[in-house]
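Colleague: When we follow the working numbering, the leftmost residue of the sequence shown carries the number 1, and every step to the right adds one.
Rather than coming from a laboratory, the hints here were simulated on the basis of the structure.
Warning: the hint list may mix true and false statements.
[What the hints assert, rightly or not] Straight-line Cα separation of at most 25 Å, SDA-like style, residue types lysine to any residue; simulated pairs:
| id | residue 1 | residue 2 |
| --- | --- | --- |
| 1 | K61 | L17 |
| 2 | K46 | L62 |
| 3 | K134 | N49 |
[To be verified] Now the in silico label distances, taken between C-beta atoms and shown as ranges:
| id | residue 1 | residue 2 | range |
| --- | --- | --- | --- |
| 4 | Q174 | D132 | 37 to 47 Å |
| 5 | K61 | V192 | 28 to 38 Å |
| 6 | Y191 | Y12 | 15 to 25 Å |
We put the beta carbon where it would ideally sit given N, CA and C, even for glycine.
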Amino acid sequence: IKGFASQRGQDYYVDKLLNGKKDGFFVDVGANHPTEISNTIYLERKGWNGLSFEPQKHLCKLFEEVRGTKVLPYVLGSEPCETEFGIVESDGWEHALSGVFDVMRKEGAAFQGKTIRREKRQVHRLVDVLLDEKIEYVDFMSIDVEGYELEVLKGMDFSKVHVEILIVENDRTQLGNVYLREFIKAQGFKYVARLSGDDVFRHLR
1 IKGFASQRGQ
11 DYYVDKLLNG
21 KKDGFFVDVG
31 ANHPTEISNT
41 IYLERKGWNG
51 LSFEPQKHLC
61 KLFEEVRGTK
71 VLPYVLGSEP
81 CETEFGIVES
91 DGWEHALSGV
101 FDVMRKEGAA
111 FQGKTIRREK
121 RQVHRLVDVL
131 LDEKIEYVDF
141 MSIDVEGYEL
151 EVLKGMDFSK
161 VHVEILIVEN
171 DRTQLGNVYL
181 REFIKAQGFK
191 YVARLSGDDV
201 FRHLR
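Using the sequences plus the hints, can you model the full thing?
Modeller: Structure below.
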(Lines of atoms letter the chains of each structure in order from A; the text may use other names.)
(Lines give C-alpha, C1' and ligand atoms only; values in the text may rest on other atoms or scores of the structure.)
Protein backbone atom coordinates (compact mmCIF):
# COMPACT_ATOMS: atom_id res chain seq x y z
CA ILE A 1 0.00 0.00 0.00
CA LYS A 2 1.46 3.35 -1.02
CA GLY A 3 3.05 5.25 1.85
CA PHE A 4 2.96 2.37 4.33
CA ALA A 5 6.22 0.62 5.20
CA SER A 6 5.50 -2.32 7.51
CA GLN A 7 5.98 -5.97 6.59
CA ARG A 8 2.50 -7.22 7.44
CA GLY A 9 0.31 -4.11 7.19
CA GLN A 10 0.71 -3.20 10.85
CA ASP A 11 0.93 0.56 10.22
CA TYR A 12 -2.10 0.46 7.90
CA TYR A 13 -4.12 -1.47 10.49
CA VAL A 14 -3.16 0.90 13.33
CA ASP A 15 -4.04 3.90 11.14
CA LYS A 16 -7.50 2.44 10.56
CA LEU A 17 -8.07 1.48 14.21
CA LEU A 18 -7.20 5.00 15.34
CA ASN A 19 -9.19 6.70 12.56
CA GLY A 20 -6.18 8.27 10.88
CA LYS A 21 -4.91 9.99 14.02
CA LYS A 22 -2.16 12.50 13.19
CA ASP A 23 -0.71 13.41 16.59
CA GLY A 24 -0.26 10.08 18.34
CA PHE A 25 2.66 8.57 20.24
CA PHE A 26 4.29 5.23 19.43
CA VAL A 27 6.78 2.93 21.14
CA ASP A 28 8.67 0.63 18.77
CA VAL A 29 10.55 -2.18 20.54
CA GLY A 30 12.93 -3.93 18.16
CA ALA A 31 12.67 -1.19 15.55
CA ASN A 32 15.52 -2.58 13.39
CA HIS A 33 16.03 -0.51 10.21
CA PRO A 34 14.63 3.04 10.53
CA THR A 35 12.80 3.10 7.17
CA GLU A 36 12.74 -0.41 5.67
CA ILE A 37 9.99 -2.74 6.92
CA SER A 38 9.22 -0.24 9.69
CA ASN A 39 6.01 -0.31 11.72
CA THR A 40 6.31 3.36 12.68
CA ILE A 41 7.96 5.46 9.94
CA TYR A 42 4.57 6.08 8.27
CA LEU A 43 3.09 7.31 11.55
CA GLU A 44 6.08 9.57 12.20
CA ARG A 45 5.71 11.10 8.74
CA LYS A 46 2.06 11.81 9.59
CA GLY A 47 3.14 13.84 12.60
CA TRP A 48 3.39 11.28 15.40
CA ASN A 49 6.06 11.46 18.09
CA GLY A 50 7.57 8.32 19.54
CA LEU A 51 10.35 6.34 21.17
CA SER A 52 12.13 3.39 19.56
CA PHE A 53 14.47 0.72 20.91
CA GLU A 54 17.12 -0.85 18.69
CA PRO A 55 20.09 -2.63 20.34
CA GLN A 56 22.13 -2.88 17.11
CA LYS A 57 24.27 0.21 17.40
CA HIS A 58 24.89 0.70 13.66
CA LEU A 59 21.13 0.73 13.07
CA CYS A 60 20.62 3.00 16.06
CA LYS A 61 23.10 5.47 14.55
CA LEU A 62 21.33 5.30 11.18
CA PHE A 63 18.04 5.84 12.98
CA GLU A 64 19.37 9.04 14.53
CA GLU A 65 20.46 10.26 11.09
CA VAL A 66 17.21 9.70 9.19
CA ARG A 67 14.39 9.74 11.76
CA GLY A 68 13.10 12.65 13.81
CA THR A 69 12.08 10.71 16.92
CA LYS A 70 14.20 9.38 19.78
CA VAL A 71 15.88 5.96 19.69
CA LEU A 72 17.65 4.14 22.52
CA PRO A 73 20.15 1.25 22.04
CA TYR A 74 18.68 -0.78 24.91
CA VAL A 75 18.05 -4.49 25.30
CA LEU A 76 14.75 -4.92 27.18
CA GLY A 77 13.70 -7.78 29.43
CA SER A 78 11.85 -8.80 32.59
CA GLU A 79 14.51 -7.72 35.11
CA PRO A 80 17.64 -5.53 35.10
CA CYS A 81 20.62 -7.82 34.50
CA GLU A 82 23.45 -8.47 32.07
CA THR A 83 22.92 -10.65 29.01
CA GLU A 84 24.58 -11.61 25.74
CA PHE A 85 23.13 -10.00 22.63
CA GLY A 86 23.81 -11.75 19.32
CA ILE A 87 24.22 -9.65 16.18
CA VAL A 88 23.92 -11.41 12.82
CA GLU A 89 26.65 -9.99 10.59
CA SER A 90 24.90 -9.30 7.29
CA ASP A 91 24.58 -6.70 4.56
CA GLY A 92 21.11 -8.03 3.81
CA TRP A 93 17.93 -8.52 5.79
CA GLU A 94 19.38 -11.16 8.14
CA HIS A 95 20.47 -8.53 10.71
CA ALA A 96 16.76 -8.45 11.59
CA LEU A 97 17.27 -11.89 13.20
CA SER A 98 19.65 -10.45 15.82
CA GLY A 99 18.51 -10.87 19.42
CA VAL A 100 19.21 -12.20 22.89
CA PHE A 101 21.79 -14.94 22.37
CA ASP A 102 20.12 -17.55 24.61
CA VAL A 103 17.05 -17.43 22.35
CA MET A 104 19.20 -17.57 19.21
CA ARG A 105 21.03 -20.63 20.55
CA LYS A 106 17.72 -22.49 21.02
CA GLU A 107 16.84 -21.74 17.40
CA GLY A 108 20.27 -22.74 16.16
CA ALA A 109 19.19 -24.21 12.82
CA ALA A 110 18.06 -20.78 11.64
CA PHE A 111 21.57 -19.41 12.08
CA GLN A 112 23.68 -22.12 10.43
CA GLY A 113 26.32 -20.59 8.19
CA LYS A 114 25.83 -17.11 9.61
CA THR A 115 28.43 -15.11 11.55
CA ILE A 116 27.10 -13.97 14.92
CA ARG A 117 28.91 -11.36 16.98
CA ARG A 118 28.18 -11.52 20.70
CA GLU A 119 28.14 -8.49 22.99
CA LYS A 120 27.60 -8.20 26.74
CA ARG A 121 24.67 -5.84 27.26
CA GLN A 122 22.70 -4.43 30.17
CA VAL A 123 19.01 -5.32 30.24
CA HIS A 124 16.43 -2.63 31.09
CA ARG A 125 12.76 -2.96 32.02
CA LEU A 126 10.46 -1.24 29.54
CA VAL A 127 8.25 0.34 32.20
CA ASP A 128 11.28 1.87 33.94
CA VAL A 129 12.52 3.49 30.73
CA LEU A 130 9.09 4.83 29.79
CA LEU A 131 8.55 6.38 33.21
CA ASP A 132 12.07 7.85 33.14
CA GLU A 133 11.13 9.42 29.79
CA LYS A 134 7.87 10.76 31.34
CA ILE A 135 5.75 8.64 29.00
CA GLU A 136 2.39 7.62 30.47
CA TYR A 137 0.19 7.25 27.36
CA VAL A 138 1.06 5.30 24.21
CA ASP A 139 -1.31 5.10 21.25
CA PHE A 140 0.57 2.25 19.58
CA MET A 141 3.23 -0.11 20.89
CA SER A 142 5.02 -2.58 18.61
CA ILE A 143 7.13 -5.43 20.05
CA ASP A 144 9.21 -7.55 17.66
CA VAL A 145 12.26 -9.02 19.40
CA GLU A 146 12.77 -12.43 17.80
CA GLY A 147 11.30 -14.73 20.42
CA TYR A 148 11.95 -12.55 23.48
CA GLU A 149 8.55 -10.83 23.44
CA LEU A 150 7.24 -12.40 26.66
CA GLU A 151 10.31 -11.30 28.63
CA VAL A 152 9.88 -7.73 27.37
CA LEU A 153 6.20 -7.80 28.35
CA LYS A 154 7.08 -9.06 31.83
CA GLY A 155 9.16 -5.90 32.22
CA MET A 156 6.16 -3.69 31.40
CA ASP A 157 3.45 -2.42 33.78
CA PHE A 158 0.32 -1.47 31.86
CA SER A 159 -1.27 -0.01 35.00
CA LYS A 160 1.41 2.70 34.99
CA VAL A 161 1.61 3.36 31.24
CA HIS A 162 -1.56 3.18 29.16
CA VAL A 163 -1.17 1.46 25.79
CA GLU A 164 -4.15 1.70 23.43
CA ILE A 165 -3.03 -0.59 20.56
CA LEU A 166 -0.43 -3.33 21.09
CA ILE A 167 1.02 -5.44 18.27
CA VAL A 168 3.33 -8.29 19.26
CA GLU A 169 5.18 -10.69 16.98
CA ASN A 170 3.98 -14.20 17.82
CA ASP A 171 5.24 -16.42 15.01
CA ARG A 172 7.20 -19.25 16.63
CA THR A 173 4.29 -21.56 15.74
CA GLN A 174 1.87 -21.25 12.82
CA LEU A 175 -1.07 -20.15 14.97
CA GLY A 176 1.01 -18.35 17.58
CA ASN A 177 1.84 -19.05 21.21
CA VAL A 178 -1.43 -19.27 23.16
CA TYR A 179 0.32 -18.59 26.50
CA LEU A 180 1.77 -15.32 25.17
CA ARG A 181 -1.66 -14.30 23.90
CA GLU A 182 -3.37 -15.11 27.19
CA PHE A 183 -0.64 -13.29 29.16
CA ILE A 184 -1.35 -10.12 27.19
CA LYS A 185 -5.12 -10.46 27.59
CA ALA A 186 -4.59 -10.75 31.35
CA GLN A 187 -2.93 -7.31 31.28
CA GLY A 188 -6.23 -5.71 30.25
CA PHE A 189 -6.25 -6.19 26.48
CA LYS A 190 -8.70 -7.63 23.96
CA TYR A 191 -7.28 -9.78 21.16
CA VAL A 192 -8.65 -8.21 17.97
CA ALA A 193 -6.75 -9.60 14.98
CA ARG A 194 -3.91 -11.69 13.63
CA LEU A 195 -1.75 -10.15 10.90
CA SER A 196 0.26 -13.05 9.52
CA GLY A 197 2.68 -13.73 12.43
CA ASP A 198 1.63 -10.75 14.59
CA ASP A 199 -1.12 -10.50 17.22
CA VAL A 200 -3.09 -7.26 17.55
CA PHE A 201 -4.61 -6.17 20.86
CA ARG A 202 -6.64 -3.18 22.02
CA HIS A 203 -6.86 -1.95 25.59
CA LEU A 204 -10.17 -2.72 27.31
CA ARG A 205 -11.79 0.50 28.53
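Colleague: Hint by hint, say whether it matches the structure.
Modeller: Results of checking the hints against the structure:
| no. | hint | in the structure |
| --- | --- | --- |
| 1 | K61 <-> L17 | violated, 31 Å |
| 2 | K46 <-> L62 | holds, 20 Å |
| 3 | K134 <-> N49 | holds, 13 Å |
| 4 | Q174 <-> D132: 37 to 47 Å | holds, 38 Å |
| 5 | K61 <-> V192: 28 to 38 Å | holds, 35 Å |
| 6 | Y191 <-> Y12: 15 to 25 Å | holds, 19 Å |
Violated hint for the displayed structure: number 1, the only one.
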